[in-house]
Amino acid sequence: EAQVTQNPRYLITVTGKKLTVTCSQNMNHEYMSWYRQDPGLGLRQIYYSMNVEVTDKGDVPEGYKVSRKEKRNFPLILESPSPNQTSLYFCASSLRSLAGGNEQFFGPGTRLTVL
Amino acid sequence: AQSVTQLGSHVSVSEGALVLLRCNYSSSVPPYLFWYVQYPNQGLQLLLKYTSAATLVKGINGFEAEFKKSETSFHLTKPSAHMSDAAEYFCAVSRMEYGNKLVFGAGTILRVKS
Chain A
9 EAQVTQNPRY LITVTGKKLT VTCSQNMNHE YMSWYRQDPG LGLRQIYYSM
59 NVEVTDKGDV PEGYKVSRKE KRNFPLILES PSPNQTSLYF CASSLRSLAG
109 GNEQFFGPGT RLTVL
Chain B
720 AQSVTQLGSH VSVSEGALVL LRCNYSSSVP PYLFWYVQYP NQGLQLLLKY
770 TSAATLVKGI NGFEAEFKKS ETSFHLTKPS AHMSDAAEYF CAVSRMEYGN
820 KLVFGAGTIL RVKS
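Chains as they are written, first to last, in our numbering: chain A, 9 to 123; chain B, 720 to 833.
Keep in mind that the hints were calculated from the coordinates and are not lab data. From the three backbone atoms N, C-alpha and C, an ideal C-beta is built for every residue, glycine too. Be aware that a few hints might be false.
To be verified - Think about it this way: if two alpha-carbon atoms lie no more than 20 Å apart in a straight line, the pair counts; the simulated SDA-like pairs of lysine to any residue are:
no.	chain 1	residue 1	chain 2	residue 2
1	B	Lys820	A	Asp64
2	B	Lys777	A	Glu111
3	B	Lys820	A	Asn36
4	B	Lys768	A	Glu111
5	B	Lys788	A	Gly109
6	B	Lys820	A	Leu103
7	B	Lys820	A	Arg104
8	B	Lys820	A	Pro83
9	B	Lys820	A	Met58
10	B	Lys820	A	Ser105
11	B	Lys820	A	Asn59
12	A	Lys73	A	Val60
13	A	Lys65	B	Lys768
14	B	Lys820	A	Asn110
15	B	Lys768	A	Leu103
16	B	Lys820	A	Gly109
17	B	Lys777	A	Gly109
18	B	Lys820	A	Leu123
19	B	Lys768	A	Gly109
Unchecked claim - Just the calculated beta-carbon pair ranges, DEER-fashion:
no.	chain 1	residue 1	chain 2	residue 2	range
20	A	Ile85	B	Leu775	22 to 32 Å
21	A	Asn59	B	Gln764	22 to 32 Å
22	B	Ser722	A	Lys65	30 to 40 Å
23	A	Asn59	B	Gly781	36 to 46 Å
24	B	Gly735	A	Lys79	39 to 49 Å
25	B	Ser746	A	Arg104	13 to 23 Å
Turn these sequences into a full structure, and let the hints guide you.
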């Protein structure tokens, strides 16, 4: 089954404790992206990757890191989480298109609480 | 910069009534437009997308949307609401200059009353 998986689905942590949220897709997509969802703000892009070893900042990258060592995986790293990073996080993937317009496939989400 | 405005953070309709969720975009160039749905505790699922092939786009679950360039709108409709349509709906745009990036509206929560 074609899908995007994320782990963990739920995470409660404390300020400053490094964490990683994993994301994996089995559709051989070049493009992967991380979004955060906050009430009243919709989804905002954190980081994206156009292909292996190619990553770039989205609209709200502060406090986050990513890596793309393999095509299928795109982990999100919070080196020193803070309470303002409490949010619902989504990973997404799609075929790459310089013109846009491709459907993005979303993972089930990771609900993160930073105390 | 492009932006997406969804009018109404909450919409409530009776079962069997027309569903109308509004989306306006700001762009001097017609973008690609999408509607996604998010059911409770799930990820986003594509309902439909506009890519300039036809102004009236039909999607899954009986939803459709009409692209109106003169009004810069892409409203989502369904003739008859079902209880299972209760969810949050997001309008999103992408443009060539931004590659695959999606810019989302704030979302509209649809409530269906029995």
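Do the hints match the structure? See the list:
Straight-line distance between C-alpha atoms of Lys820 of chain B and Asp64 of chain A comes to about 11 Å, which keeps the hinted pair within the 20 Å bound. Restraint check: the Cα-Cα separation between Lys777 of chain B and Glu111 of chain A comes to about 15 Å, which is no more than 20 Å; the hinted pair holds. For the proposed pair Lys820 of chain B and Asn36 of chain A, the alpha carbon gap of about 18 Å is at most 20 Å, so the pair holds. Distance hint between Lys768 of chain B and Glu111 of chain A is fulfilled; the C-alpha atoms sit about 8 Å from each other, no more than 20 Å.
Between Lys788 of chain B and Gly109 of chain A, the direct Cα distance comes to roughly 17 Å. Compliance with the 20 Å bound is thereby established for this hinted pair. The hinted pair formed by Lys820 of chain B and Leu103 of chain A meets the criterion: a straight-line CA distance of about 12 Å does not exceed 20 Å. A C-alpha spacing of about 10 Å is found between Lys820 of chain B and Arg104 of chain A, which places the hinted pair at or below 20 Å, so the restraint holds. At most 20 Å may separate the alpha-carbon atoms for a hinted pair to count; Lys820 of chain B and Pro83 of chain A meet this at roughly 18 Å.
For the proposed pair Lys820 of chain B and Met58 of chain A, the alpha carbon gap of about 10 Å is at most 20 Å, so the pair holds. For the given pair, Lys820 of chain B sits about 10 Å from Ser105 of chain A by alpha-carbon distance, which is consistent with the 20 Å threshold. With a C-alpha separation of about 14 Å, the suggested pairing of Lys820 of chain B with Asn59 of chain A holds against the 20 Å cut-off. Using a Cα cut-off of 20 Å, the hinted pair Lys73 of chain A and Val60 of chain A holds, with the two alpha carbons roughly 15 Å apart.
Straight-line distance between C-alpha atoms of Lys65 of chain A and Lys768 of chain B comes to about 25 Å, which puts the hinted pair past the 20 Å bound. With a C-alpha separation of about 10 Å, the suggested pairing of Lys820 of chain B with Asn110 of chain A holds against the 20 Å cut-off. Pair hint Lys768 of chain B plus Leu103 of chain A holds up; C-alpha atoms about 15 Å apart against a cutoff of 20 Å. Taken as a hint, the Lys820 of chain B and Gly109 of chain A pair is honoured in the structure, with Cα atoms around 9 Å apart against an allowance of 20 Å.
Of the supplied pair hints, the one linking Lys777 of chain B and Gly109 of chain A holds, its CA atoms being roughly 16 Å apart against a limit of 20 Å. For the proposed pair Lys820 of chain B and Leu123 of chain A, the alpha carbon gap of about 31 Å is over 20 Å, so the pair is violated. A C-alpha spacing of about 8 Å is found between Lys768 of chain B and Gly109 of chain A, which places the hinted pair at or below 20 Å, so the restraint holds. For the hinted restraint 22 to 32 Å between Ile85 of chain A and Leu775 of chain B, the CB-CB distance of approximately 43 Å leaves it violated.
With their beta carbons about 25 Å apart, Asn59 of chain A and Gln764 of chain B fall inside the hinted range of 22 to 32 Å. Here the CB-CB span from Ser722 of chain B to Lys65 of chain A is close to 19 Å, at odds with the stated 30 to 40 Å. About 37 Å separates the C-beta atoms of Asn59 of chain A and Gly781 of chain B, a value consistent with the hinted range of 36 to 46 Å. Distance hint check for Gly735 of chain B and Lys79 of chain A: the Cβ-Cβ separation is about 47 Å, which falls inside the suggested range of 39 to 49 Å.
Range check, Ser746 of chain B to Arg104 of chain A: about 22 Å between beta-carbon atoms, so the 13 to 23 Å window is met.
Violated hints, in rising order: 13, 18, 20 and 22; the structure is consistent with all others.
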